[in-house]
Structure formats: structure tokens, C-alpha cells
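As you go down the protein sequences, you meet chains W and D in turn. In terms of the numbering used here, the first sequence has 170 at position 170, counting the first letter as 1, and numbering is strictly consecutive. In terms of the numbering used here, the second sequence has 355 at position 355, counting the first letter as 1, and numbering is strictly consecutive.
Among these hints, one or two may not hold up.
Claimed, not checked - Derived lysine-lysine pairs resembling DSBU-like cross-links, with alpha carbons at most 30 Å apart:
{"hint": "1", "chain 1": "W", "residue 1": "Lys58", "chain 2": "W", "residue 2": "Lys359"}
{"hint": "2", "chain 1": "W", "residue 1": "Lys46", "chain 2": "W", "residue 2": "Lys316"}
{"hint": "3", "chain 1": "D", "residue 1": "Lys224", "chain 2": "W", "residue 2": "Lys325"}
{"hint": "4", "chain 1": "D", "residue 1": "Lys165", "chain 2": "W", "residue 2": "Lys316"}
{"hint": "5", "chain 1": "W", "residue 1": "Lys224", "chain 2": "W", "residue 2": "Lys299"}
{"hint": "6", "chain 1": "W", "residue 1": "Lys58", "chain 2": "W", "residue 2": "Lys165"}
{"hint": "7", "chain 1": "W", "residue 1": "Lys359", "chain 2": "W", "residue 2": "Lys346"}
{"hint": "8", "chain 1": "D", "residue 1": "Lys165", "chain 2": "D", "residue 2": "Lys346"}
{"hint": "9", "chain 1": "W", "residue 1": "Lys113", "chain 2": "W", "residue 2": "Lys37"}
{"hint": "10", "chain 1": "D", "residue 1": "Lys37", "chain 2": "W", "residue 2": "Lys325"}
{"hint": "11", "chain 1": "D", "residue 1": "Lys113", "chain 2": "D", "residue 2": "Lys299"}
{"hint": "12", "chain 1": "W", "residue 1": "Lys316", "chain 2": "W", "residue 2": "Lys224"}
{"hint": "13", "chain 1": "D", "residue 1": "Lys325", "chain 2": "W", "residue 2": "Lys37"}
{"hint": "14", "chain 1": "W", "residue 1": "Lys165", "chain 2": "W", "residue 2": "Lys346"}
{"hint": "15", "chain 1": "D", "residue 1": "Lys89", "chain 2": "W", "residue 2": "Lys165"}
{"hint": "16", "chain 1": "D", "residue 1": "Lys165", "chain 2": "W", "residue 2": "Lys299"}
{"hint": "17", "chain 1": "W", "residue 1": "Lys165", "chain 2": "W", "residue 2": "Lys316"}
{"hint": "18", "chain 1": "D", "residue 1": "Lys359", "chain 2": "W", "residue 2": "Lys37"}
{"hint": "19", "chain 1": "W", "residue 1": "Lys359", "chain 2": "W", "residue 2": "Lys37"}
{"hint": "20", "chain 1": "W", "residue 1": "Lys316", "chain 2": "D", "residue 2": "Lys224"}
{"hint": "21", "chain 1": "D", "residue 1": "Lys136", "chain 2": "D", "residue 2": "Lys46"}
{"hint": "22", "chain 1": "D", "residue 1": "Lys325", "chain 2": "W", "residue 2": "Lys224"}
{"hint": "23", "chain 1": "D", "residue 1": "Lys124", "chain 2": "D", "residue 2": "Lys136"}
{"hint": "24", "chain 1": "D", "residue 1": "Lys113", "chain 2": "D", "residue 2": "Lys89"}
{"hint": "25", "chain 1": "D", "residue 1": "Lys224", "chain 2": "D", "residue 2": "Lys299"}
{"hint": "26", "chain 1": "W", "residue 1": "Lys113", "chain 2": "W", "residue 2": "Lys46"}
{"hint": "27", "chain 1": "D", "residue 1": "Lys325", "chain 2": "W", "residue 2": "Lys165"}
{"hint": "28", "chain 1": "D", "residue 1": "Lys359", "chain 2": "D", "residue 2": "Lys37"}
{"hint": "29", "chain 1": "D", "residue 1": "Lys325", "chain 2": "W", "residue 2": "Lys316"}
{"hint": "30", "chain 1": "W", "residue 1": "Lys346", "chain 2": "W", "residue 2": "Lys224"}
{"hint": "31", "chain 1": "D", "residue 1": "Lys124", "chain 2": "D", "residue 2": "Lys346"}
{"hint": "32", "chain 1": "W", "residue 1": "Lys165", "chain 2": "W", "residue 2": "Lys224"}
{"hint": "33", "chain 1": "W", "residue 1": "Lys325", "chain 2": "D", "residue 2": "Lys136"}
{"hint": "34", "chain 1": "D", "residue 1": "Lys58", "chain 2": "D", "residue 2": "Lys359"}
{"hint": "35", "chain 1": "W", "residue 1": "Lys316", "chain 2": "D", "residue 2": "Lys346"}
{"hint": "36", "chain 1": "D", "residue 1": "Lys325", "chain 2": "D", "residue 2": "Lys58"}
{"hint": "37", "chain 1": "D", "residue 1": "Lys113", "chain 2": "D", "residue 2": "Lys359"}
{"hint": "38", "chain 1": "D", "residue 1": "Lys224", "chain 2": "D", "residue 2": "Lys346"}
Think of the hints as simulated: they come from the structure by calculation, not from any bench. Since we're looking at a predicted model, the values are computed, not measured.
This is what each chain is made of:
2 protein chains.
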Amino acid sequence: MGKNKISKSDPTVFGTSENTETLRWNSGELFLLDQTKLPLVVVEEKQESVEQVWHSIKQLKVRGAPAIGVAAAYGLLIGIREQTALNLKEFLWEIENKAAYLESARPTAVNLKWALIRMLECSKTYSGNDSRGLFKQLEEEAILIHEEDVQLCQRIGVNGVSLIKEGMGVLTHCNAGALATTGIGTATAPMYLAHENGVQFCVYADETRPLLQGARLTSWELNKAGLDVTLLTDNMVAHIMSQDLIDLVITGTDRVAANGDVANKIGTHGVAVLARHFGIPFYVACPYSTIDLNTGEGKDIVIEEREAEEVLNFGKRRTTPEEMKVRNPAFDVTPHELVTGLITEKGIIRAPFAENLLKEYL
Amino acid sequence: MGKNKISKSDPTVFGTSENTETLRWNSGELFLLDQTKLPLVVVEEKQESVEQVWHSIKQLKVRGAPAIGVAAAYGLLIGIREQTALNLKEFLWEIENKAAYLESARPTAVNLKWALIRMLECSKTYSGNDSRGLFKQLEEEAILIHEEDVQLCQRIGVNGVSLIKEGMGVLTHCNAGALATTGIGTATAPMYLAHENGVQFCVYADETRPLLQGARLTSWELNKAGLDVTLLTDNMVAHIMSQDLIDLVITGTDRVAANGDVANKIGTHGVAVLARHFGIPFYVACPYSTIDLNTGEGKDIVIEEREAEEVLNFGKRRTTPEEMKVRNPAFDVTPHELVTGLITEKGIIRAPFAENLLKEYL
Numbered sequence: 001m002g003k004n005k006i007s008k009s010d011p012t013v014f015g016t017s018e019n020t021e022t023l024r025w026n027s028g029e030l031f032l033l034d035q036t037k038l039p040l041v042v043v044e045e046k047q048e049s050v051e052q053v054w055h056s057i058k059q060l061k062v063r064g065a066p067a068i069g070v071a072a073a074y075g076l077l078i079g080i081r082e083q084t085a086l087n088l089k090e091f092l093w094e095i096e097n098k099a100a101y102l103e104s105a106r107p108t109a110v111n112l113k114w115a116l117i118r119m120l121e122c123s124k125t126y127s128g129n130d131s132r133g134l135f136k137q138l139e140e141e142a143i144l145i146h147e148e149d150v151q152l153c154q155r156i157g158v159n160g161v162s163l164i165k166e167g168m169g170v171l172t173h174c175n176a177g178a179l180a181t182t183g184i185g186t187a188t189a190p191m192y193l194a195h196e197n198g199v200q201f202c203v204y205a206d207e208t209r210p211l212l213q214g215a216r217l218t219s220w221e222l223n224k225a226g227l228d229v230t231l232l233t234d235n236m237v238a239h240i241m242s243q244d245l246i247d248l249v250i251t252g253t254d255r256v257a258a259n260g261d262v263a264n265k266i267g268t269h270g271v272a273v274l275a276r277h278f279g280i281p282f283y284v285a286c287p288y289s290t291i292d293l294n295t296g297e298g299k300d301i302v303i304e305e306r307e308a309e310e311v312l313n314f315g316k317r318r319t320t321p322e323e324m325k326v327r328n329p330a331f332d333v334t335p336h337e338l339v340t341g342l343i344t345e346k347g348i349i350r351a352p353f354a355e356n357l358l359k360e361y362l
Numbered sequence: 001m002g003k004n005k006i007s008k009s010d011p012t013v014f015g016t017s018e019n020t021e022t023l024r025w026n027s028g029e030l031f032l033l034d035q036t037k038l039p040l041v042v043v044e045e046k047q048e049s050v051e052q053v054w055h056s057i058k059q060l061k062v063r064g065a066p067a068i069g070v071a072a073a074y075g076l077l078i079g080i081r082e083q084t085a086l087n088l089k090e091f092l093w094e095i096e097n098k099a100a101y102l103e104s105a106r107p108t109a110v111n112l113k114w115a116l117i118r119m120l121e122c123s124k125t126y127s128g129n130d131s132r133g134l135f136k137q138l139e140e141e142a143i144l145i146h147e148e149d150v151q152l153c154q155r156i157g158v159n160g161v162s163l164i165k166e167g168m169g170v171l172t173h174c175n176a177g178a179l180a181t182t183g184i185g186t187a188t189a190p191m192y193l194a195h196e197n198g199v200q201f202c203v204y205a206d207e208t209r210p211l212l213q214g215a216r217l218t219s220w221e222l223n224k225a226g227l228d229v230t231l232l233t234d235n236m237v238a239h240i241m242s243q244d245l246i247d248l249v250i251t252g253t254d255r256v257a258a259n260g261d262v263a264n265k266i267g268t269h270g271v272a273v274l275a276r277h278f279g280i281p282f283y284v285a286c287p288y289s290t291i292d293l294n295t296g297e298g299k300d301i302v303i304e305e306r307e308a309e310e311v312l313n314f315g316k317r318r319t320t321p322e323e324m325k326v327r328n329p330a331f332d333v334t335p336h337e338l339v340t341g342l343i344t345e346k347g348i349i350r351a352p353f354a355e356n357l358l359k360e361y362l
């Protein structure tokens with residue numbers, strides 16, 4: 001298999017569709033689907049170095065909190081695989097060094113830190129004295145993190161599927177789908193299971209500027225799986241809700257604070273306010289790997305501010321005058337008061353969130 | 001002056017900046033700035049036929065309710081100027097025919113119909129028997145409609161300027177600026193006057209997908225005039241409001257119903273709900289030419305649904321999979337309960353709107 005494998009997603013592109021998995025660990029090599037090129041081009045990139053993994057995360061080639069976590073775990077292996085000749089002490093230092101480096105890629109999604117901490121703690125439990133043996137133990141841990149992520153998505157799907165009833169319109173934001181995880185997604189998990197169960201419902205995906213994860217990723221993966229999906233611009237949500245077309249909102253999240261405040265892709269807070277205004281339940285699909293009990297409330301979550309170019313352009317086409325000031329917060333915080341429930345792998349957690357999150361996760 | 005005059009708006013384009021007026025009537029010729037090309041290219045187009053004017057309106061080369069009205073009045077002249085050899089009865093029939101044709105260009109903005117009805121009623125008051133004389137009378141009426149529009153903007157500015165106080169953040173949506181009118185705009189009128197008066201304040205413009213009037217038009221004209229403007233994606237509004245950066249919202253409108261319900265660019269309803277949620281006053285700048293007492297309430301207003309391509313692409317670049325379903329309502333309706341006040345040429349009209357609109361305008 002060549003380093004870069006071009007695949008066809010649409011008949012209008014080229015070749016035949018091959019691997020569309022978010023990421024793959026195969027014979028000690030890490031392959032990441034380049035999500036910046038979707039939906040017109042489906043291509044994965046073999047990650048040759050930990051620097052490449054860092055850039056893949058930073059540039060959103062791989063994105064979505066769970067996917068970032070799994071990618072980082074494997075990325076750490078990439079960063080240390082050439083160092084197994086070091087003695088154990090020096091090897092452990094390399095592991096910490098590379099983990100800290102990977103963690104610096106993006107600040108908001110807690111899964112990144114969570115996965116790296118798991119890898120670090122795993123390294124501390126190693127009882128041997130051979131760096132190659134420690135590498136193997138870490139590889140097993142990364143694979144465990146990966147497999148667990150798949151299961152977390154499945155369980156979120158099972159716990160949320162009954163929310164989706166016949167004839168409903170379900171709104172989602174950004175991409176919290178298969179592309180954001182290594183399984184069937186978080187927000188999309190109940191959708192995929194309901195669809196498998198033969199429930200007829202519509203999904204509305206808002207396109208999610210500036211990087212259009214809703215248009216390019218969500219509409220692509222849901223459409224490919226045969227779900228009924230309609231694309232909206234972000235500003236259409238109130239109108240569509242006012243027409244009684246939306247019965248349920250499910251989004252993903254990048255970090256849930258101890259009080260239930262939810263950090264997610266910019267625009268989520270607005271969707272939650274609108275859902276409350278129109279009397280529509282607003283659920284957040286959330287594996288435990290995205291819950292951060294060390295962060296008390298939403299205002300303590302670091303909101304990544306990204307480059308102005310993402311707003312000033314659309315694709316690569318400039319839409320604004322030179323020297324235009326912009327804001328580009330990539331996330332916002334939805335206060336827990338606007339959240340109907342968190343769909344977790346343990347079940348649906350409802351208010352009071354501080355109490356119930358502690359009860360389930362401490 | 002050549003038929004198409006290319007001008008430079010940015011140093012990065014070409015030539016030197018010349019005419020940037022929304023429209024011009026000069027020696028019996030109508031010139032419309034092609035707003036689909038802004039901000040990167042500033043070019044006006046001489047309207048050779050009434051069909052060209054219809055297409056200019058349909059394709060949003062000229063847009064903004066007041067500008068559409070004035071353009072239609074002049075467009076009617078273009079449509080009949082070759083027919084002045086007809087006898088009066090046949091000429092009147094031509095006038096009605098061309099007016100009906102122009103009215104069909106777009107359904108939502110009431111100014112289009114309003115301006116054409118004014119021209120028709122003017123034609124009925126003609127006391128001569130010479131078609132050329134009627135043409136001249138109609139030309140004077142079109143010029144009157146144009147000059148009045150300039151004055152309406154100015155008076156809206158004067159009536160709204162005191163809303164903008166030192167240090168405020170003012171949010172606007174779409175483009176209700178000079179480019180949407182033949183004067184200093186409607187929503188922007190108080191902003192331009194406050195700026196002239198030396199008030200220091202910031203404007204936040206949300207880009208307004210799908211056609212990006214906020215990014216391409218509002219940010220361009222405000223920036224050119226030296227105002228402090230920051231561009232947002234539409235989905236950032238809740239977050240920016242939650243950071244206490246917005247003290248006031250002013251938008252334009254395409255049609256205000258008798259009960260005060262406001263039809264405006266898609267996304268306005270959402271902004272109004274968010275403003276209400278965050279306790280921010282929400283004003284709508286509205287000349288009488290946009291008030292439609294014949295329409296009882298918002299649900300009676302026809303919402304134009306435009307081509308899917310506008311959502312599926314941006315500037316000719318495809319961002320979504322083939323065969324993706326979209327919605328593209330170009331407007332939404334903000335219920336009067338969410339409106340703090342209508343800034344009109346007569347003053348600020350507040351609730352109860354049905355009663356107060358009748359009082360001012362019947």
C-alpha cells in the first residue's frame with residue numbers, strides 16, 4: 001500500500017472508494033484520514049513522525065475529541081519507536097517529553113490530555129527493565145484506548161437510541177460522528193442505531209463555519225450511510241426550529257466540566273439557547289474520556305482561538321477586505337442549565353449535573 | 001464613461017477607486033454596482049434593458065430592500081423609454097406590463113412592489129396626452145423616490161444615533177448599509193452618524209451565509225468609512241454576546257407586517273432570540289417604504305427560497321457531497337415580541353406595534 005492512498009468518495013472524484021476509517025494502526029504504522037480534504041477527496045496519510053502527528057492534530061486533519069485522543073496515543077508510539085535502544089530511565093523521559101509535545105497541539109478537547117495521561121500512567125506500571133518491552137506494553141495500551149473508544153460510541157448509541165422516535169427531525173452541529181471518533185461517533189451513534197432499527201427520521205446538519213465540519217463531514221458520512229440528512233447554514237436554525245421541523249438536538253462535546261457546562265464547537269451555545277427558546281430537548285453525547293472533573297465550570301475551559309484566515313476565507317477564496325479584524329474562537333461553552341441530558345456510556349445523566357457527574361465518575 | 005467601469009477597492013486589486021455608489025441615474029442611463037463581485041472587485045454595470053434590471057435584482061447584483069425599490073423605479077423607465085411613440089393608452093399598458101414583470105423578480109422585500117405602485121399611481125395622475133410627457137413625469141417620480149430614500153436613511157440615522165453610546169459593541173446582520181440603499185443605509189445610518197459625532201464604538205458584523213453580505217458588504221463599507229468593525233461567523237453570536245461584548249443589535253428589514261413582525265435576512269430571528277436571552281436590546285431600522293400594513297403578520301410574508309447551489313458551494317467551490325439535500329430560505333420572520341423598537345424616519349416605534357404602526361402610518 002502506497003504512502004498516500006487516494007480514494008473516491010463520490011463518482012465525481014476518481015478511483016474506487018477504499019479506506020474511509022478515521023484512523024488505522026497497522027503493523028506499527030499510523031494512518032490518519034485527512035479530513036481537511038473531505039468530502040471531495042478521500043485520502044489517508046501515513047504518519048512518519050510525531051511532528052507530523054502534532055501537525056495533523058493542529059491542522060484538523062484528524063479532529064473530534066475522541067479521535068484526537070486515540071491519534072495522540074498512537075502518535076506517542078510513533079514518537080518513541082526509534083528510541084527503544086535507550087535505557088529505561090532515558091526512555092521514560094522521552095515518553096514524557098513526547099507526550100508533553102503532543103498535548104500542546106490543541107488546548108480545548110480534554111481527550112488529548114486524557115489519552116496521554118493514560119499512556120504515561122501505563123508506562124509507570126511497567127515492571128520490566130527493557131525499553132522494547134515497555135514499548136510493547138504501551139502499544140497494547142494504545143490499542144486498548146482505541147478499542148475502548150469504539151465501545152464507548154456503541155454504548156452511547158444504545159443509551160441514546162430511544163430518544164429518536166419515528167418521524168422526528170434531529171438537529172446536530174459540527175461533526176460528532178464516525179469521523180470524530182474511531183467508532184460510530186458520539187452524537188451520531190444513536191442516529192446510526194435508530195437508522196439500523198428502521199426508525200424513519202430526518203437529520204438536519206448545520207454546516208458549522210468556518211471549517212464546515214457539518215457540510216463536509218457530517219452530511220458526507222450520514223448521507224453515505226443512507227440517512228436522510230438536510231444541510232443548513234448555521235443561521236437557519238432558528239427558522240427551521242420555528243417551523244416545528246426539529247424535535248431533538250444532539251451534539252458532541254470537547255470537554256464537560258464538573259458542573260455539566262459543555263465546551264463544544266463554536267455555535268453550540270447558540271443552538272442550545274434556541275432549543276430552549278423553542279422548547280426542544282438538547283442532549284450532549286459524551287464519553288467519560290471527555291468529562292473533566294478537574295475543571296470546575298465552563299469559564300475555566302480554555303477556548304482555542306484559531307487563525308483569522310479561516311474566517312476571512314471560504315476554502316481558499318478570500319471573501320473579505322484586506323486588514324479585516326475577525327474573531328475565531330473555535331469553541332464555546334453551553335451552560336449546564338441549557339442541557340437536557342448527557343448521553344454517556346453509563347446512561348443518560350440529567351440535572352443536577354454536578355451531583356450526578358460526581359456520583360457516576362468519581 | 002465606458003459601459004463597465006472597473007474600480008479598485010483594495011490596494012490588492014487594481015486601478016484607483018472610483019464610483020462605489022449602489023446605483024446611479026445619469027443622463028437617462030441606469031448604473032448598478034455589481035454587489036456579487038464585492039469586495040474584491042468594484043464594478044458597475046449599465047442596465048441596457050428591463051430584463052437586465054430584472055436579472056440584476058434576481059441575482060443580487062443590486063440588493064437590500066430600499067435599493068431594490070429605487071432600482072425598480074428606474075428599471076421601469078428603462079423598460080418603457082423605447083415606447084414613447086405609442087399612444088397614451090398603449091403606453092400605459094406597457095408601463096403596467098413592465099411593472100408587473102419587475103415585481104416578479106423577488107417576492108419578499110416590499111419596497112419593490114411599493115416603488116412600482118408609486119410609479120403606476122404617478123402614471124395615472126398624468127394630465128397630458130403625450131407619452132413622452134408621461135415618461136418625463138415618471139422620470140421625475142423615480143428621481144423623487146431616489147432622493148426620498150436618501151432622506152429616509154438620514155432621518156433613520158438621526159432618530160437612532162442616540163442609541164449608540166460610547167464604548168458600546170453594536171451587532172448587525174447581513175447588510176443594511178449604504179449598499180442596501182441609496183443613502184447611508186438603514187441599520188448603518190445611526191452608526192455612520194455616531195461615528196461622525198466622534199463616538200467610539202465597535203461594530204460586530206456576522207458574515208451572513210450563504211451569500212456573505214456581512215463579510216463582503218458590511219465589513220467592506222464600514223471599514224472603508226473608518227469604523228471599528230470585527231467580522232464573526234454567524235454561529236459566534238451567542239458566544240460573543242455571552243462575553244458581554246454586545247450592548248445593542250440593529251438590523252435592517254425587508255418587510256414589516258402590520259403587527260410589527262419583521263421579515264429580514266435569514267438568521268435575524270436567531271439573533272433576536274439570542275439578544276432577548278442575553279438581555280440585549282434588538283432594534284430594526286425601517287423606513288416607511290418597508291412597512292406593509294396590508295400584511296397582517298409575519299406568517300403571511302412570502303419567504304423566498306433560493307437555489308441549493310448557494311448553500312452547497314461557496315463562490316463556485318463545492319463543499320458538500322453530490323445529491324445533498326439543503327434548505328435555502330433567504331429570509332426569516334422575527335416575531336414582534338422580540339423587537340425592542342423600530343427605528344423609522346418618524347422616530348422609534350415601540351410596542352404595542354400594531355397600534356403604534358397604525359397610528360403613525362395609516
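Structure-based check of all given hints:
| no. | hint | in the structure |
| --- | --- | --- |
| 1 | W:Lys58 with W:Lys359 | violated (34 Å) |
| 2 | W:Lys46 with W:Lys316 | holds (25 Å) |
| 3 | D:Lys224 with W:Lys325 | holds (13 Å) |
| 4 | D:Lys165 with W:Lys316 | violated (38 Å) |
| 5 | W:Lys224 with W:Lys299 | violated (37 Å) |
| 6 | W:Lys58 with W:Lys165 | violated (38 Å) |
| 7 | W:Lys359 with W:Lys346 | holds (11 Å) |
| 8 | D:Lys165 with D:Lys346 | holds (21 Å) |
| 9 | W:Lys113 with W:Lys37 | holds (26 Å) |
| 10 | D:Lys37 with W:Lys325 | holds (21 Å) |
| 11 | D:Lys113 with D:Lys299 | holds (19 Å) |
| 12 | W:Lys316 with W:Lys224 | holds (26 Å) |
| 13 | D:Lys325 with W:Lys37 | holds (21 Å) |
| 14 | W:Lys165 with W:Lys346 | holds (21 Å) |
| 15 | D:Lys89 with W:Lys165 | violated (63 Å) |
| 16 | D:Lys165 with W:Lys299 | holds (28 Å) |
| 17 | W:Lys165 with W:Lys316 | violated (40 Å) |
| 18 | D:Lys359 with W:Lys37 | violated (58 Å) |
| 19 | W:Lys359 with W:Lys37 | violated (42 Å) |
| 20 | W:Lys316 with D:Lys224 | holds (24 Å) |
| 21 | D:Lys136 with D:Lys46 | holds (20 Å) |
| 22 | D:Lys325 with W:Lys224 | holds (13 Å) |
| 23 | D:Lys124 with D:Lys136 | holds (14 Å) |
| 24 | D:Lys113 with D:Lys89 | holds (22 Å) |
| 25 | D:Lys224 with D:Lys299 | violated (38 Å) |
| 26 | W:Lys113 with W:Lys46 | holds (23 Å) |
| 27 | D:Lys325 with W:Lys165 | holds (21 Å) |
| 28 | D:Lys359 with D:Lys37 | violated (42 Å) |
| 29 | D:Lys325 with W:Lys316 | holds (24 Å) |
| 30 | W:Lys346 with W:Lys224 | holds (29 Å) |
| 31 | D:Lys124 with D:Lys346 | holds (28 Å) |
| 32 | W:Lys165 with W:Lys224 | holds (21 Å) |
| 33 | W:Lys325 with D:Lys136 | violated (47 Å) |
| 34 | D:Lys58 with D:Lys359 | violated (34 Å) |
| 35 | W:Lys316 with D:Lys346 | violated (45 Å) |
| 36 | D:Lys325 with D:Lys58 | holds (23 Å) |
| 37 | D:Lys113 with D:Lys359 | holds (23 Å) |
| 38 | D:Lys224 with D:Lys346 | holds (29 Å) |
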